[in-house]
Each structure stands twice: as C-alpha cells, then as structure tokens.
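Colleague: One letter stands for each residue in the lines below.
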Amino acid sequence: MTTIPATVEPVVTGTPPETGQPRRAHSSDQPRRSKLLTVAMFVALLYFLLPLWWLVVASTKSNADLFTSFGLWFSGTNSLWANIQDVFTTQDGVYLLWLRNSLVYAVVSAVGAAFLATMAGYAFAKYRFRGGNLIFSGILGAVMIPMTALTIPTYLLFANAGLTNTPWAVILPSLVSPFGVYLMRVYAADAVDDTLIEAARVDGAGELRIFFTIGLRLLAPGMVTVLLFALVSTWNNYFLPLIMLNSPDLYPLTVGLAQWQALAAGGSGSRALFSTIITGAFISIIPLVLAFLYLQRYWQSGLASGAVKG
Amino acid sequence: MTTADLRLPEKPTALRRGPSRLRRRENTAAWVLIAPFVVVFLLFLVVPIVYSGYLSLFREQLVGGNTFVGLENYTRALTDPSFLSGVARMAVFLVIQVPVMLGLSLVFALLLDAGVLYLQRFIRLGIFIPYAVPSVIAALMWGYLYGGDFGPFAQLAEKLGAPAPQFLSADWMLFSLMNIVSWEFIGYNMIILYAALRSVPRELFDAAAVDGAGTVRTAWSIKIPAIRPAILLTVIFSVIGSFQLFNEPSILRNIAPNVIGIDYTPNLYAYNLAFINRDSNYAAAIAFILGIVIMVVSYTVQLSAQRKERAAR
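Those protein sequence lines, which keep their order, are chains F and V.
Those letters in the first sequence? Residues -17 to 292, by this note's numbering.
Those letters in the second sequence? Residues 16 to 328, by this note's numbering.
Keep in mind that the hints were calculated from the coordinates and are not lab data.
Be aware that a few hints might be false.
The calculated label-pair distances, taken between Cβ atoms and stated as ranges, are [what the hints assert, rightly or not]:
#, chain 1, residue 1, chain 2, residue 2, range
1, V, 326, F, 276, 42 to 50 angstroms
2, F, 268, V, 222, 57 to 65 angstroms
3, F, 38, V, 222, 46 to 54 angstroms
A few chain F residues facing chain V, derived, Cβ under 8 angstroms [to be verified]:
#, residue
4, 79
5, 117
6, 270
Here are some chain F residues pointing at chain V (derived, C-beta under 8 angstroms) [as the list claims (entries may be wrong)]:
#, residue
7, 49
8, 124
9, 132
Each residue gets a CB set at the ideal place from its N, CA and C atoms; glycine is no exception.
Please take these sequences and the hints and turn them into a complete structure.
Modeller: Structure follows, in structure tokens:
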C-alpha cells in the first residue's frame, strides 16, 4: 500500500457527514515516510501476529508432532484435515452444535440489541419528552456497571423463573446495550434531519411510520455498527453462558472449548485432545476475523463516533 | 453517571413546539419507541442489581433458613483475606498493565496518524486483529504458548540449553496474564485513539508545523491534549475491565491450578462462592463491593483528569 494517506480514510465513511466542516486532508508537504520506523513497527507486529501464526501451524500437526516439532514451523506431515475431522466428530460432533449455538446466540442477541438501541436512540435524539433526560442519564450510568457483577443475581432470578439452561438465558441479558443506545443517540442527532420529520408530519404520516420509513433507513449505517459490536460481545462471551448453561448441547464455542481444555489439562488419558482443541480454537476465530476484515468501515467508524463525539 | 466522556449530547435539536396535540403525540411516540429497551433494561439490569443488593443483606442458614443479617456480609468481605488479596492483586495488575497497554496503543496510533510508515493499513489491521479473538481462545492459546510441553518458548530455551521460562509459575503468572490482556486490547485501544486523532482538525497541526514544531513535539503538545477525552475513555474502560478479570485466569487455572487459586481475582472468587460454595448471599455482597470499587476508581481517574485539564488551562 503506497497510496497517499489521505485516501486511507475509512474512519469517516460510516459516520454522518459533518456539516459545514470541510473534509480533512493532509497538507501538501507530507511528512517523509521512514523505512526505519516501518521496520520497527513490523517487529512490533510480530508480537501480535506470531501467536496466531503458531495457532495456524499447530492446527496442521498431529498430537505427537506438537511435541516433537518446533512450534513456529510445520512438521512435514500435514494433519490439518485429520484434525478438522477430529474436531467435528469428537463427542458425537458436539463442536458443530457449539458453532451453531454461538451463531444463534450472537445473531439473535445482536439483531435484537441493535434494533432496541436504534429505536431508543432515535427517540432520545428526536423527541423532547417528560423524563427523557432522566432516563437517558440512568442508561448512561449503567455503562459503568460491571457486567459480571450482574450475572450472578441474574442467574438466581432466571433460576426462579425456570429460564436457566435455555438459550433465552444467554440471549435475553445480551439484549441490553446501554452503549448502543448512547451511540445511536449521537448518530441519530446528525443523521436524521428534523426538516424531513416535519415534512413527513405535514404529509400526515404518523410518528411511528416516520421512524420505520424514514428514520430506520437513515440510521442503517449506525445500526450496523451497533450490531457488529453486539455480535462480537455475544460471540466472545464466556461468563454468562458458563453460569447459565448446564448441558453441553447448549454451550457456545467459548464454553465448550474451555471445557475441552480443562479435560485435556486434567486427565492424562485425554492427551490426544490437544491437536483437536487447537484446531477447534483456530476454526472458531475464523468467522470473526473475516467479519472484521470485511466490515472494516463499520467498526472503525463506530469506534470513531463513540470516542470522538463522547 | 460517572463519566465526563459520556455526558449528555446536546439537547435534542428543537423540533418546533407546536400545539399541545403535537406535543402529546410526540410524547406517546417517544415512549412507544423507548419502551422495548426500557423494559429489557429494567428486567435484566435494574432488577438484578436491586435483587443483588437485597440478597447481600441476608444469610442462608441450615437451621432457620434465610435470616436478615444487615451489613454483616459486607463487614465479612472487608475482613476476608481472600477478597482483599484479590482486589489488591487487581490493583497491581491495573497499575502496571493499563499504562503499558495504553502507552503502546497511543504510540502506535500517533505513528499511524503521523503518516510516517509504509504499509499503514496492513500494520493497523495486524495490530487490531487479536481483538477479534475471544478472550477465552486467546487465553487458551497463550496457555499453550507459555507451557513447557510444546510451547515455543520452552522449545527455544531447550535448543539454547537454557532453563525453560516459567511463565505459569507463581512469580510470573500475573505478568503472563497482563501480557494476554495487552495482546488482546492494544489494537482495540489503538483504533479508538487513532480515530480520535483523525478527527482533530488538521489546520491545528499545520499551524504547528509552520511554527517549526517537529513531529514528536506536535504529537506531545498538540495531538495528545486534543484527544484527551478519547484517552480518558480508554483508561476508564480498561479500569473496569481489569477489576473484572475472569476469563483469562479461569482458563489458565485449568493448566496451573496450584498457582491460580479460587480467590485469584475478585470475580473468580465471587463465582466460586456462588456456584461451588453455594453462598449466593455472600457472593452478591462481593459483587456489590466490587462494583463500588470500580465506580470509585473510575470516578477518581476522571476527577483527577479534569483537575489536570483545569490546571493546564
């Protein structure tokens, strides 16, 4: 990539256009690029990428090869396919169930959370109503609350309601995204023009119809950002499903793999699991890594609006 | 509400105050739109917290069932060496790990923003990618990397004839955990800071350049002050994250059970109290105190930042 940095401008893409502010560009006298600094950065980059490289290499090795060959290079025999087969057949193919569960929990929670946050954010941004600011302050304050401190009492409540060990136990608490509401309020304030709303009113459209036909369309980029973050946080969640779920058939990938790891570490009889766990871990990170690579403009703009406007 | 960063955005851009019929209509619409969120917010956030507070005031006894004990669980927690040592350990973690992590994030963000690197996009993505790895998977992976069985560090040491580094020993464990958390979050924080830097009006930098300020000077006296709110945001999120540490130690516990006890972090302790000891009343009190500690620390961080800002003016 040797284009001038001004073209590498992913940050702005998803955010509403800043009215009256000229698009920022680097001044004509570019600071000189430094080969030395770039080399230093690549050395630093090794720290971030070598562990993942190890994971890729290790998932091509049989259990025996893991112990006998150097970790950062291939062993000569490629066992990747055999490992993948092991991953999907161990314990009657429970891994596939975990993968499906992770997907279902993440998608349902994220879509729900993004939709709720969008409706609320729009209302907070566009309507002045009694109690609105008070409620919004309350929601913001909740950003500070440690989620893990919430999880234990939520478990106890769910246990009383008979909801534990069901998918709902993981999905329902994940629907609450106070930060999402905050982001959507900031986003809606700029993205939805008041004159549009007024015009729709003059045309006789009801408020909800205005939201669903005009608001939602204009808010879509912001909503995708919130959706992506909710997706990641549910996909990565460990504490909540660990507490809520008992039966392995309901586990998401995180809990399932952690259980395999504990099994392999505990009993010497399960040694054969190492290559299976490593390959399973490798497969489990592929979807999110791809999602992040393809949806760059969304997460970058989301982080931007969260940090900049805040 | 404890953050300055998350202060209320400006009042809703005033829709013209029409006749009261419109006001009523708006009121209804607003409530209909926020109702679904408010309902889940109340059910899965407010109610559990209130319930947790309620629970923490009771004690389950074999004889007599649930009895009201007032603040006894709290006084017990404040004299419980397991809980206190966990909090102290997390304080050490925070004081060392957060500055190192955020310092590196800031340096990387400034380098990227200064445009002095080749292959910027690749570097940016490469540093960020660990964020896409779930913390459980990251801990699991690092656990194997650290390990003596087939970890590359031990393999290298063996080749060199040196003793294998004991990453999972009692002396090193806290640092090994710091490393995992840093690996996961340096890129995430870097992106936040980088995005903030990109939104600072360039004219400011150009003016500094005209005045003859070098790249480093500009970074130090213009760029960093300009993104102070974003830096504060990353500090506060990191503080919250540190005190809540659970996933990484609970995964490493599987391979180093003698080093990471059930009380290694406050959250690990609360989890064990609730699900192994079945003492949910005491666990609720621990969780509550932990929440208060987190709020107090983040509030202090914020106040001191504000004071510094005022002093700087």
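Colleague: Looking at the structure, which of the earlier hints fail to hold?
Modeller: 2 and 4
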